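Heads up: the sequence lines are chains F, U and P, in that order.
For the first sequence, our numbering gives the first residue as 1, with consecutive numbering after it.
For the second sequence, our numbering gives the first residue as 1, with consecutive numbering after it.
For the third sequence, our numbering gives the first residue as 1, with consecutive numbering after it.
Do not take every clue at face value.
Claimed, not checked - Within a straight-line C-alpha distance of at most 25 Å, the following computed DSS-like cross-link-like pairs (lysine-lysine) qualify: (1) K665/U with K655/U; (2) K204/F with K226/F; (3) K226/F with K337/U; (4) K220/F with K655/U; (5) K423/U with K508/U; (6) K9/U with K578/U; (7) K508/U with K344/U; (8) K52/U with K665/U; (9) K192/F with K220/F; (10) K27/P with K508/U; (11) K578/U with K259/U; (12) K259/U with K27/P; (13) K501/U with K333/U; (14) K501/U with K220/F; (15) K337/U with K27/P; (16) K259/U with K192/F; (17) K226/F with K192/F; (18) K645/U with K655/U; (19) K344/U with K333/U; (20) K508/U with K645/U; (21) K578/U with K501/U.
Calculated from the structure, these hints are not laboratory results.
All figures in this text were calculated on a predicted structure; none of them were measured in a lab.
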Amino acid sequence: MAENDTTTPGAVTRRRFLRDTSLAGCAVAAGAQVLLADGTLVIPASQGFLLVDLKKCQGCSTCMMACALAHTGTASYTLARIQIQQDSFARFPDDVFMATCRQCADAPCVRVCPTGANAPDPAFGNVRRIDPAKCIGCRSCVARCPYTPARLQWDHARQVALKCDLCADTPHLGSRGGPGGVQTCVRVCPEKAISFTATMPDQKDLHSYEVNLRDRAWAKLGMSVK
Amino acid sequence: MALYGYAGKILRLDLTARKATAVDTARYRRWGGGHGMASALFWDFCRDKTIKDGRDPANVCCVMPGPFSGTIVPSGGGRCEVTGVGVGMDPISWYTRSAIGGRFSAMLKYAGWDGVVIEGRASEPVWVEIQNSEVRFRDATRLWGLDTWATQDEIWRLQRRRRGTRTGWHDLNDRAEWGAADQGRTTQLSAIMTIGAAGEHQTAHAALIHDAGNGAGQGGFGAVWGSKNLKAISVIGTGSIEVADPAALLAARLVVKEKYTASWERPDFWTWSRLGNLPRPIIQSTPPTPDRRPQSCQGCNNGCRLRFSVGYGNESACQETSWYAPFIGRLVKDRIKAGEINLKAADIVQRYGFNSFVYQTGLHWLEHLVEEGALGPGRRIHSDLPWSQLGTLEFAEALTRALSTRTDIGADLADGWVQAARKWGREEDLHTGALQFSYWGWPEHGYDPRAELEWGYGSIMGDRDTNTHCFNAIFTSVSAAVAYGLPLRLEAGELVSLVAKKLAPYAKDRPEVLDFSDANMYSEAVAQLVRWQQHYCRFWKNSTILCDLKWPDFYNTNVPSLEGATGSPDGGEQVFWKAVTGEDLSFEGGVERGRQIWNLDNAIWTLQGRHRDIVHFAPYLYEHEYEHGELFPFYMWPCRDGDGKWAYTDLMGRKLDRAKFEQWKTTFYTLEGWDTASGWPTRRTLEAMDMKFVADALAAAGRLGREGA
Amino acid sequence: MTTRLAPPPHELAARILAPVPFAHRMKVGRLVPPVGLTAGDVRSLEELLRHLEPDQRSLPGVGFERTAAWVEDAVGDRDLAVSVRGIAAEAPSYVEGCRRLLELIAERLGQAREVVGGGPTREGGSL
């Protein structure tokens, strides 16, 4: 899958296609989304993605609490851009799910945002970010996310939507975040069950963000690395 | 001003009136949280502190997170303290404590509560539903009789929550009764703490259970809830907790991970550290499958439990996975099959809400009685249980059911095992050691008081089997290394110096406090160690709250200096305290705060009837030696020889000397500033700690210690 | 391991395979951090064998001299007791001693079974 996986218009003339894509190409190269003449939004690809090992997570939720802490200065599940779900009674590996934002190539949450609050940020590798100052709390993005659970959060106290920005906006992290920087969840995870990649996973594969991070040490601890 | 690290209010549940009110947390701020706050709340709200049985309606049970709950403080985010007068102890059921892990404390904080104070008694079974600031008393008639797992399932069903993962966000505004304010939404299941049959029948061995395998066992708090007709508390919260210095908190957490914890890249599986291991499950049998994960409480640095693909054994760990093992081995040759029975036996005690710790030594005693012909069908102690099947899963369930429902021998054991021994005319077993219930009617833990002094002394000077594992890793690590013939990671002299560096203020740089040799076992030094442990634990461990199995971290072979995280300037307890609460409290200051809490607890015990005359171990500990090779070939511990040279030495082969232990008690009371004749706190000691209100109450009850006695 | 013991006579072989009375049981333990030392007992060599089997989570607790005395007095196998004492004297570590003891007991049980006719293994004592 190409890194700059932009959405192209549907039925268009060759001439119009060349005109529009050349414009879009310039804009995408500069890192801004472009609204084409036919109303199609061209979204530049994110330069970073989180990958998770669903069999490695110990369910401590440290990533959740740390995520909220780095972004907002408070400890919280609700304000965490990564959500860890657990069912204490379920069988491994279905007892844990790590719900991370996929930074979709064709990000429906970006596309649906009526104010442009949710947009790729060229300053941080086009990671899809929500500008709380522009968010009007319509929750369209939350509803539009096609994954379960939705990878956008609802801050009911401030009445704004939240999403993973790969730690671009983390005043309490103490390091630069975003693609190329530090991701709090990756760094804080005691199990090393979360990793970062600049390579876009297959957008058509539901499981392409799930990876095997279990290594020899894991095997030495007696657990399966399969 | 923000009360950093706290939600700001404590929930007070009056079960008699079915009324919920809020108490301002700021009023109790000096006690820290967790145990300290709970003791202060008990002091204020328990109107009759002379009660001697936790099932008395006057009893007040507190379920208390601490400031670290719901934060990323390593191995601190998911612990929860439970306190109140216990059940089934001997001769008096003391005001006591237990702790439980999992998600409950974090969720309670996120719901906006720093704790729950449970008072009175409901006329009919109830469960309590907490959703953020909203609290509802629910009819539990249909839950009564369900086991702990089924209860949680049913509550989730009532809340219209779907079990499993990959489920969607749950809108907490889905029920009109919660009001107009936006309750938010969550991906999480509510956290539920509940009792099973053992609690419903108010038995001494009743635990509180949360999720599959978190339990507050010792103390019999399941019976306390049962006596109050309280089946369960469910909590879901979508709020957040403000911390004073988020950047400092994150930085310190990363220091613990990256400096004090073994790395995945160059793993040291045998590191000598309590905090800094890779996830090391502590189930006590061979895991049934490699298809499993480590599983932990919230915020843990390294999970100690497991979840499996096989459908049993999830989250059970430690003692509940060892209680049945010695008996399974009699009948089952195949180790995998034995492991399966073992873990399924753990599931049984979880479901019944049964504190399996009484089985640790108690089941051996019951077997002894059967073999002697004293117990069984038609025998003096009548029992219809199928004793010939001891070791089978069917027997494990039959026994646990009987003991949970007051049937068969459970009718007598339900109110305490030592009491049952007396009723059965078997008091002699406490002399021979056939019944190894060492202190206050609680079973010996595995750290025999004749060898490991701080465990035994701390238990008898406190309120229960102390269950504070600050120092036992010395015994287990050294003994295991010696057993394997492996090089010792730390020589005895080096180890005690490293530990002593952390023992401020009473024992700082006094390695002799760790010398458990015959010559030093009744010394002032050992008394200082016991004081330090109880004071440290009362605040740093049980009030902030930190995991008993991870903290303190005295020495740490992951670090070039070998110094552990405890008290350190980059990853110490006080670093996390300041980051979370904003208070610049020194490590020693925290220990001092623990001393105040310890004194408050002793004041409660004094009002309940504590006097030094009843502070005794079970007689077998004075009358019989802990024999060499009895349970293991040696019990290694650092001791000094006649020349003052440190070496790891076997502590087996001795018993306690009653007269010398009495002298040691006097030393201990003197150091605490208590009346040496009674063990009661004195006015001078209490007032020096700004606890005049306690001295006044003791004086009014005629139980204030005499000065200079 | 090749045993240096002569096969036991029939009567001793039967005793080797049988549980001893409860009163003659041998106390054993297990080092299971962080629970500590947990107690147990064995009433037959078969049970002792199982107690000594390697376990990823814990260490079996036996005293070699106590074991030798129990083998001699309760089971009545003097030759085996001598061998147990030999292990105690020669093993470079306790864990290696346990391993050697396990092999020795297994060998002795095998000898006993052959002597009594290869009958089914006793499943240990029952109450």
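Hint-by-hint comparison with the structure:
Of the pairs offered as hints, the one joining K665/U and K655/U holds, with about 17 Å between alpha carbons and a cut-off of 25 Å not exceeded. In summary, the hint linking K204/F to K226/F is supported, as the alpha carbons are separated by about 23 Å, within the 25 Å threshold. Under the criterion of a C-alpha separation no larger than 25 Å, the hint pairing K226/F with K337/U is consistent with the structure, at around 24 Å. Straight-line distance between C-alpha atoms of K220/F and K655/U comes to about 41 Å, which puts the hinted pair past the 25 Å bound.
Taken as a hint, the K423/U and K508/U pair is broken in the structure, with Cα atoms around 47 Å apart against an allowance of 25 Å. About 20 Å separates the Cα atoms of K9/U and K578/U, which keeps this hinted pair within 25 Å; it holds. Distance check on the hinted pair: K508/U and K344/U sit about 45 Å apart at the alpha-carbon level, beyond 25 Å; violated. Proposed proximity of K52/U and K665/U is supported: the alpha carbons are some 23 Å apart, at most 25 Å.
Annotation: proposed proximity of K192/F to K220/F holds, straight-line Cα distance about 16 Å (limit 25 Å). Restraint check for K27/P and K508/U: the C-alpha separation of about 40 Å exceeds 25 Å, so the hint is violated. This hinted pair checks out: K578/U and K259/U have alpha carbons roughly 20 Å apart, not beyond 25 Å. Note on K259/U and K27/P: the hinted pairing is violated, with a Cα-Cα distance of about 43 Å set against a maximum of 25 Å.
Of the pairs offered as hints, the one joining K501/U and K333/U is violated, with about 48 Å between alpha carbons and a cut-off of 25 Å exceeded. Restraint check for K501/U and K220/F: not satisfied, since their Cα atoms lie roughly 34 Å apart, outside the 25 Å limit. Taking the CA atoms of K337/U and K27/P, the gap is about 24 Å. The hint holds against a cut of 25 Å. A hinted pair counts as satisfied when its Cα atoms are at most 25 Å apart, and K259/U with K192/F qualifies at roughly 15 Å.
Between K226/F and K192/F the alpha-carbon distance is near 16 Å, which keeps this suggested pair within the 25 Å criterion. Proposed proximity of K645/U and K655/U is supported: the alpha carbons are some 24 Å apart, at most 25 Å. Taken as a hint, the K344/U and K333/U pair is honoured in the structure, with Cα atoms around 17 Å apart against an allowance of 25 Å. Between the alpha carbons of K508/U and K645/U the distance comes to roughly 19 Å, so the proposed pair stays at or under 25 Å and holds.
Among the hinted pairs, K578/U with K501/U is consistent with the structure: their alpha-carbon atoms are about 21 Å apart, no more than 25 Å.
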